[in-house]
Amino acid sequence: MIVAGIDVGGKNVHIVIKKDGQIIGKGTSPTGIKKAEAVEALYEQVLKQAGLTRKDVECVVATGSAAKRVAFANGSIADAAADARGVIKLFPNARTVINVGAEEGRSIKVSPEGKVLDFAVNDKCAAGTGTFVEAMSRALEVSVEEMSKIALDSTKSIPMNAQCAVFGESEVVSLIHQKTSKPDISRAVMDAVAGRVGSVARIVGLEKDVVVVGGMAKNAGFVDSLQNNIEMPVTVPEDPDYIGAIGAADAALSGVIE
Amino acid sequence: MVQQGKPVEFWRWPETNWVNPDIDWKKGKFVTAGVDVGSVSTQAVIMVDGEFYAFGNTRTGSDSPNSAIKGMGYTLEKTDMKIDNIDYCIGTGYGRVNVPMAQQAVTEISCHARGANFMYGPEVRTVMDMGGQDCKAINVDDRGKVLNFIMNDKCAAGTGRGMEVFADLIHVPVWEVGPRSFQISKEPPMISSTCVVFAKSEVVGLLEQGVPENEIMAAYCSAMAHRIMELLKRLGVKEKFVITGGIAKNEGVVKRLEKELGIKTAEQAWANLQYRKKNYPFDTQLAGAMGAALFGQALLKMGKAKSARKPGIVE
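Same order as they appear, the protein sequences are chains S and B. Counting from 1 along the first sequence, just add 67 to a position and that's the residue number in the working numbering. Counting from 1 along the second sequence, just add 58 to a position and that's the residue number in the working numbering.
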């Protein structure tokens, strides 16, 4: 059975195609303004690479904040459910899944079966999301990738006063003027995001094992700050940004769709 | 507006200063000043025996002391007064403890309440100060004394800085946003994102869809009005209701706030009819500095001034 999972997030689309439980195709592209078109284009591309046509796919399940934009989907599942499903297959011991994306941060308490027991989400405020880091990266004139690395070289922990991304930009500029090193500023930014994400996670409670997914999970500096904040080690899967799409594909396979 | 080779900054509002031609400060008994160093703008007001004498309204620079010096210098520029001629100076605002020429600091909450009382009159009961990086709703009594207040200083939504970011994004000078937000055929739904950063993406999406710019301005002004209303509802609004700070100048936000609240804001004009007749400039951004200067007057009159030292630049 061939199925597809499509995760349409605030910033990127992720698509996974599974055949009998194995991933046979995947791809990602920016969501952009015209979300439906971005999904359409990426889907065609991923199918082509896997040597498939649309007819070969028996079931398509969408997830993510703009899941509704996938007009051709057979159904959709909630973001948190997709995260839980995606993670539990890879890490059966996972009890807490923290997903930090471009415009959202959420923490999910999962059962051993991969069911969502409880979750908390911040999708109202850029603090505690990837967008916050991007905004600070522009102010610092250092790429997000570079920030994620140099944050680990920081020797001094500086708390950021600003919670708001708009105020944070001014604060980063003042820190630059005060000759604070770029690693220390990067660290301060990651600590700030980790602080917000940690607060969201504590709403549902933190239980081991903790798995971190979403685009921000690729950011080593952030993951380090998060571990310090929640005082627990975390696991990051390979391709953490694909977890939502993997979970959606899994739902397609199991026939659990809305 | 467009300057060759220089990027246009749509948030950059013009700086202003003024001196009262009807007052000879040399004949005055007490000359006091208030310097309000905000996160975005800095104002200095000089008062002679409780009468409005001069002001300067400038942008805050990278540090408070220099911004205070610049603001005061810009104010004195119009006068034949020197800094040493000021008997007492009070600092207020976000950078109030870093005002080098001030002998004392007073919180901006108290100063805005006092300043609004002087500017709009003793009937004022609720003052909404919409500053650059925060907004405060203040309930006051007939003497301009603070009874209660609540503020938001954590989030740029509903602050002047949020409006500046928006103006820069759609490439419209910040002072044109209000008037243009009414040049629409129908009132659009408000921007749904609270967060300024997310609102930016939403606005880009609307522009991309070909929504007219003026409608987007209306949608943003509505969102800001709604945000402020939530704060006001928590405090409870009483008439006479006035707005101070930079956003008071944005009718796009003010009129929509009035509509949502069902309460009109008081006319932005001097309670003092002489001032009104003589057309003294009425700038809503001055309330904080004005209040500070008035506190200075009161302290000198009561002989309670904490320092006899003349204002100078502290080295």
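Derived by calculation from the structure, the hints in this document are not laboratory data. Do not take every clue at face value.
Unchecked claim - Lysine to any residue pairs mimicking SDA-like chemistry, simulated, CA-CA at most 25 angstroms apart:
(1) S/K191 / B/E266
(2) S/K101 / B/S250
(3) B/K203 / B/A363
(4) S/K191 / B/T252
(5) B/K84 / B/N330
(6) S/K101 / B/L264
(7) B/K307 / B/N75
(8) S/K191 / B/S251
(9) S/K135 / B/V269
(10) S/K101 / B/G268
(11) S/K246 / B/V98
(12) S/K102 / B/G263
(13) S/K135 / B/N75
(14) S/K102 / B/S250
(15) S/K101 / B/N330
(16) B/K84 / B/P339
(17) B/K212 / S/E125
(18) B/K313 / B/K128
(19) S/K249 / S/Q230
(20) S/K191 / B/E273
(21) B/K128 / B/N143
(22) B/K136 / B/Y333
(23) S/K191 / S/K156
(24) S/K78 / B/N197
(25) S/K101 / B/H229
(26) S/K156 / S/E125
Predicted model only: the values in this text are computed from it and were never measured.
Is B/K84 within 25 angstroms of B/P339, Cα to Cα? Holds, at about 22 angstroms.
Mind checking the alpha carbons of S/K249 and S/Q230 for me, to see if they're no more than 25 angstroms apart? holds, 19 angstroms
Mind checking the alpha carbons of B/K203 and B/A363 for me, to see if they're no more than 25 angstroms apart? Distance ~19 angstroms between B/K203 and B/A363 Cα, so the pair holds.
Are S/K191 and B/S251 close enough, with their CA atoms no more than 25 angstroms apart? holds, 7 angstroms
Are B/K307 and B/N75 close enough, with their CA atoms no more than 25 angstroms apart? holds, 17 angstroms
Run the distance test for B/K212 versus S/E125: straight-line Cα separation, threshold 25 angstroms. violated, 49 angstroms
Next pair to validate is S/K101 with B/L264; report whether the Cα-Cα distance is within 25 angstroms. holds, 11 angstroms
Given the hint that S/K135 pairs with B/N75, test it: the Cα-Cα distance must not exceed 25 angstroms. violated, 54 angstroms
Do the alpha carbons of B/K313 and B/K128 lie within 25 angstroms of each other, as the hint requires? Status violated; Cα separation ~34 angstroms.
Taking only the CA atoms, is the gap from S/K191 to B/E273 under or equal to 25 angstroms? holds, 23 angstroms
Does B/Y333 lie within 25 angstroms of B/K136 when you go C-alpha to C-alpha? holds, 19 angstroms
For S/K191 and B/E266, compute the direct alpha-carbon distance and say whether it is at most 25 angstroms. With Cα atoms ~22 angstroms apart, S/K191 and B/E266 stay inside 25 angstroms; holds.
Consistency note: the structure conflicts with the earlier hints numbered 13, 15, 17, 18, 23 and 24.
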